[in-house]
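Protein chains in written order, with our numbering: chain A, 1 to 917; chain B, 1001 to 1202.
Read the hints as simulated data drawn from the structure, not as lab findings. Remember, it's a predicted structure, so these values are computed and weren't measured experimentally. Just so you know, not all the hints are guaranteed correct.
Unchecked claim - With beta-carbon atoms standing in for the labels, derived distance ranges:
hint	chain 1	residue 1	chain 2	residue 2	range
1	B	Arg1149	A	Arg22	17 to 25 Å
2	B	Ala1182	A	Arg22	33 to 41 Å
3	A	Glu155	B	Asp1062	17 to 25 Å
4	A	Leu319	B	Gly1156	21 to 29 Å
5	A	Thr647	B	Asp1062	55 to 63 Å
6	B	Arg1168	A	Arg22	19 to 27 Å
Glycine residues also receive a C-beta, built at the ideal position from the N, C-alpha and C atoms.
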Amino acid sequence: MATNDPRQSDRDCGQDISELLRQVFCLEPPREEFVASLQDVLRAELGSASQRQGGETGRRDDAVRKGDALAEQAQREHGSPRPGASAVRRLEESKDSAAVAASPPKRRKRRSLVAAVTAATIVISVAVWSSRPSYSWTSMMRALESEPWVESIAEGRSGETVRNWFSQDRRVMIRRSDENLVWDDLAAGVRSRYRFGSDVLVQSRLVGGRSRTVEQSLLSLLADEAVRLPEDDDEQLPGRIEVAEQSWRDVLDGGERWVELEVVLSRVGTPEERIRLVFRLDPESHLPQSCRVLDTAGRGESVVKLVYPGDGPREVYELGVPRTVVVRDANELPDSARIAEVPAATPTGTPDASVAANSLSDELARPGVHTAGIASREPLLRKPVEHDGERDAEQHANPQSVPPPPVIPVAVSSAEMTQRVDELMAELWEHDGISPVEGCGDFEFLRRVYLDLTGRVPRVSEVRAFIEEVPAGRRERLVEQLLARRDHATHLAAVWRRFLLPEGVDLAQYGGTASFEQWLTDHFRTNTPYDEVVRELLLAEGRVSESGPILFYTALKLAPEALAAQTSRAFLGMRLECAQCHDHFFDNRWKQEDFWGYAAFFARISRPEGKMERVSPVLRVRDTNRGDVTLPDQDEIVRPRYPLGETLAEEPPTSSRRQELADWMTTADNPHFARAAVNRVWAHLFGRGIVEPVDDMRSDHPPVCPEVLDELAGYFVSTGFDLRDLFRVIVLSQTYQRSSGAWDGDPSRSLQFAQMNMKSLTAEQLYDSIAVATRLAAPVLEDGSLMRQTNVSRQAFIKQFQAPPGEVTDYQAGIPQALTLMNGGLIQGATGLQTSGILRSLEAPFFTDEQRIETLFLATLSRPPDDIEAQTMLEYVMSPDGEPEGDPAGDPEGGRGERLGDILWALLNSAEFTLNH
Amino acid sequence: MTDVELLLRVQRGDLTAWELLYARCLPTVWRHACALAGDRLVVEEIVSETFLAFVRSVPAFDPETVHLHGWLRGVVQNKAADQGRQAAKRRRLAAAARNGSVGSEGSAEVSDPLETEETRQDVLSALDRLPELQRLVLEWKHADDQSVREIAARLGQTEKSVESLLYRARKEFRRLFELECADDMRTRVNTNVPPSTLEKSL
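Pulled out of the complex, with its shape left as it was, chain A reads as follows:
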């Protein structure tokens, strides 16, 4: 649907949707006989219902007259007969035309009515007796979950009216009493609290918000006062509840039928704590109309009324919060639990040290005293930048626009940091009720760490060497070895090159990517601190043809806006470019001036007059003292401005704009740089970042575990941005070493890193793994590292399989890739009897067939075959009569060789080989 005309796009979309809906919905109309008989039944039922209501003859006459007008409207609306209209006519025509024709008019009408009632009786009987409905907590929850909005109205503990809203689609839970408003954004994990009459709205992190189940949210809404105990942390969920007993019965109340569903809930872990709820359900929809809470340990009975509006509140201001309120971060407020004497944060309050925090509402009621958020949580609001009054006001009104707090260096050892990561993740899993999978076995770890650190699978000799080592400490030793290898440096260079250089740009004219990767490799090889690598990149100078780090600039055509976009994504985790043409649609931190203010740092670089493609290769790129940017189609120059920071009022006297930017970017005080780097490394190892997407870190994308992100960033800073150590810490953690397999497909585990994500191999990893597994004649260095950057066939292969950066968990499995794997030159060579190094080596006569099969498994899957696999493969290798065919010693074309080649082919094309698990 590639078109620039939005109306055409919409038309195309409409046609697609019509087709989809036709596929899904049965569009064959119901039988006219069915429609007619059903209508008769319904009319009779309606007639009875009207009579029960006391007869309305006069109003019916009125209705008949108005009905005539409606009938006309029906005809206009529906044109050709619709089921309803045709059924009316059919009824008048009558079913038994012969008998009816012979009867006088009165008898005709009576007979058709008798026939209709008989049919109706049959329909009713079938309908009633064919299936008896049942009611349960589950069916009620299912009905609630299908409602776009659920609203409850109840009386609170102190007699005020309390209204709750829950929307599953928008993932919000709202509680409004006469005194307070609590708005939980479950998707963002943010709680906003406001006390009516105050001028402050407090925001804090909502612990476990993202993992809160729909059932928990609905339970809060149904019986909030009942299920939450006074000692429950206001930040926390009401605790895990389970159904202990339930029963239902029909109730006739004033001529109306209801269902009464009684449910006893108990708290997980303390089953003696029980709550009894009685729901009044609509018998047809199973939706509760009200809920009565009984037996709540002396807290009395309460009744909640429930309604189901089609829509609900969209923002706090619709519920009585003035737009002039100041939004504050809970962490900025002193912790009431640990204060001795803490001055009030507002000028009007008086300090009060003797505070016992019970609930937020109590706290907010005390003048001058403020509650704290969770002490260890990352604050959601940022301190305003003080030197720009207008910006202060704007940032107070717009909490997203304040930068995150500086990273606090964490001076611990590598082993302590590893342990700390595991502790924090374990706390997260426990809180969210996630059971992590078991740790991975040695074979699984071996393959995974080789692929993640060196970009290839281990050789058979490397597998055997690892397994034969003394188990104690062998994983640690292996990691040290791999980090020191050249393979690790070249692999990281490829990874970094993918997100630094833009895709789809012909870089051959600038010397290609080889020397750029070489430059990166050299730095990773010597473990240059990461901040220095980035500084060198940002300040790169040289001739266009020199490649190396200058390729970063030439690939982006030296354009300030392109450099701004790429550097902010790569090093700050920000997508500023969305504000290039207009204020950012989704991230209201970024105005157009912010983007161009950042781009202004790249304005003073020498650049050609014409197109970059035609520029002389000897053009030298360096800083100049001329060049500015303006907003598109405007004349006013935009001064350089740091993202979420100050504006550079004057040109620096002794340095360049790029120098200033590089200094700011890589300082330990920059809260974005360290976090973005940690997040990228984490994403590389786990398949997804702590924040996703890795280049769009904003409040709408909260971190899975902010404490891990913050502490790892602090550690990274304290080590002087030691990238190798960062890898070491993460790879040696138990979190990284969780298995990727589980018997129940619970996606929340892998989202929270309680189970390793499966990652598809990158194109580079795939090629190198095939080459290593099959012993292709590829050059290697003395430590076994591959010579990657000069391999032409490798480059051609990579081009076919390249996935977009940042999407390594998306399997690139289109037809071309599949065909390449199945029949391409690489595979043919790798599995051919004459060309495959591994198959030729397996011809040696001292191997048994079992050993040959095991070797193929070790080479490709880095593990031995299990019993079933071994048996199956062995049977395949042997001929049907039980003897191997051919002479393995003298006839390379013998049957065994071919079959081993088949096995090798199958293993290379298996999902297990092409996935990093």
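Guided by the hints, dock chain B onto chain A, whose structure is given.
For chain B alone, coordinates are given in the frame of chain A:
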């Protein structure tokens, strides 16, 4: 006259209003019952029970607190559950495998019943996630072939606002449907790899 206005008239005993409302709602109820059950007889039972329930609930029905069409869909779902949704699904797949697409005579052969079922579920899930109004206009327009004017009359809105609503509905449906399809792809990849075997010492 909008559906809600018709309902209020029905509550006052206007049978003609009922017939118009019935004519309007029957396609929706029939369609959703078909989506949940494959067998025609089962579908007819579900539709009958749903409308019976509707008629019995009419006196107490408060359109201010409960969405009419959402309520009807919910009842259809419950009736389908009572009828045994799984059995109907098996019959649907079996019928599809026998090259008879259930409930739609003369339609094209289903070459991959599982893939069709997956698409079906994706469409239904995407529809479920749409805001109520967007869902209604989308179904009325694309499944019932109602005109913008008819839809506007039912909703009590101008034709222009219905067109805008349709535009947003299509866009949102497309986005949700693509998300559902992407989830299916990830699920397929994640479940393709066999669980790791126990290591053996050499």
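* **Distance restraint evaluation - Leu319 of chain A, Gly1156 of chain B, Cβ atoms, bounds 21 to 29 Å** => Given a distance of about 26 Å, which is inside 21 to 29 Å, the answer is holds.
* For the range 55 to 63 Å, tell me whether the beta carbons of Thr647 of chain A and Asp1062 of chain B fit it or not. => holds (57 Å)
* To do: Determine whether the Cβ-Cβ distance between Arg1168 of chain B and Arg22 of chain A falls within the hinted range of 19 to 27 Å.
  => holds (22 Å)
* To do: State, for the Cβ atoms of Ala1182 of chain B and Arg22 of chain A, whether the hinted interval 33 to 41 Å holds or is violated.
  => violated (23 Å)
* Given the range 17 to 25 Å, decide if the beta-carbon distance of Arg1149 of chain B to Arg22 of chain A lies inside it. => Between Arg1149 of chain B and Arg22 of chain A, where Cβ atoms are some 22 Å apart, the hint holds.
* Asked: Glu155 of chain A and Asp1062 of chain B, beta-carbon distance inside 17 to 25 Å?
  -> Since Glu155 of chain A and Asp1062 of chain B have Cβ atoms about 21 Å apart, the given range 17 to 25 Å holds.
Checked against the numbered hints given earlier, this structure breaks only hint 2.
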